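So the sequences go chain by chain: A and B. Here the first sequence stands for residues 1 to 114, where the numbers follow the working numbering. Here the second sequence stands for residues 1001 to 1246, where the numbers follow the working numbering.
Rather than coming from a laboratory, the hints here were simulated on the basis of the structure. Mixed in with the good hints there might be a few duds.
Some chain A residues well away from chain B (every beta-carbon gap over 10 Å; in silico) [as the list claims (entries may be wrong)]:
hint	residue
1	14
2	17
3	68
4	76
5	78
6	79
7	80
8	108
In silico lysine-lysine, BS3-like type, Cα no more than 27 Å apart, as pairs [to be verified]:
hint	chain 1	residue 1	chain 2	residue 2
9	B	1190	A	91
10	B	1061	A	12
11	B	1159	A	103
12	A	103	B	1190
13	A	30	A	103
Please read all numbers here as calculations on a predicted model, not as lab measurements. Backbone N, C-alpha and C define an ideal beta-carbon position, used for all residues, glycine too.
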Amino acid sequence: MHEFPITQQIIKLAEEHATELCASRIKSIKLVVGDYSGFVGDSIQMYFDVISQGTLCEGAVIEIEHVTPKMKCTGCGELFEREFLSFACPKCGSDGEPTEIGKEFYIESIEIER
Amino acid sequence: MHDVLKVNMMANIHDENDHIAAHTNEDLTDRQIYVINVMGAPGVGKTTTLKNIIRNMKGLKPYVIEGDIESDIDTRDLRSLGIDTFQINTFGACHLDAPMIHNQVQSIKFGEKGVLFIENIGNLVCPAEFSIGEHCKMLISTVTEGSDKPYKYPLAFEKADVIILNKTDLLPYLDFDEEFYRKGVRALNKEVPVFKVSGKTGEGFAEVAAWIQKKAEEAKAVHHHHHRDEDTGYHHHDHDTAHTHD
C-alpha cells in the first residue's frame, strides 16, 4: 500500500516537467525500478490509473524497467546476482558486498504531446 | 497532428522525502537532539529495548515518538515511567516517512538536550527504505526470528548503524546459528556493531546506552566542529571525527 503516496509523487514530478515544456498531455512515463527499491510496478500502475484522472498524466502508459540487484565480490570484484540464503560469489566463493545496483527508483523520461 | 516528444527527466522519486528528512535532521541537531530510528519486526521487543536503554542512559533526556498502525498502548506504558512520549498512528501505512515526523517534531517542546527515539512501525521491510531525519538507524533483531534473517531481509541489515540482538536469554532453547547470522550481517554491513541483550534480564543494555551516549556526543562535536570549519574554510577534519569508532 505504500505505492499510493509515491505514485502521487510520480504524477507531480511528471506534470511539473511537462508543464514547463508546454505539453498538452503526457503519453508515457518510463520508470526505472530496482527490485530492492521496495516498490511494486503493478501497484504503481493501479494507483496511477486512479490518481492521474484529470491531470496531464491521464491515460498515460507507465513503462517499467526492472533492475535485478547485484552484489560485488570482495575477493575478485565480480558483480553477481546472489543465491538464496547466501552472499557467496559464484566465481571465487568469497562473500559479496551490497551495491547500489537494484535500488534504483527514478523517472527516466516522459513522452509528451504539445 | 500533435508533436510528440520524448524528454529525459532522471528525477529521483525519493528526493522530496529525503529533503524533508535532511531538514528535520538539521533542525534537531541544532537543538542538540540525537535522533534514532528504531526498526524491527513486530514482537522483537522494540519498546522493551527502549525502556532498558533509557534506564541506562545518563545525562541525556530521552524523548520517544511511538509509531503504530493503531493503539497507544506503548505510549501509555512509556508515559507511566515519566518518559516524554508522543504517538503517531498511521492507520494502515506500513512505515513512518519524513513528512509525518517533520509534522510531529514541530509540536514537541525539547526542553533540554537529549535523544529522540522514533519507534517505527513493526516491519522488517519498508522502514529501511525511508529516511525520517535520523542520525542513526537501530535494528532490533532477535534469536527467536532465526539466523537466516540477514539473508531474507538484507536491506534492513545493510542500512543499520547498530544492531541489537535481543532475547538472548532464550538461546539454550533454540537452534539459533550465531555464526551463520553474523556471517550474513558482516557481508551486508562490515562495521556495524552487534550488541547481544536480553529484554527479560536487562543484560547488555548498559553497553548499548554507553554506545548511544558516545554517538550522541560525537554528533554534536561534529556539528559544532562543522560550524567552526565553515568559518575557516576547512572541511576535511570533521569527516575524520564523524568516523571515529571505538
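* Asked: Which of the listed hints are broken here?
  -> 1, 2, 8 and 10
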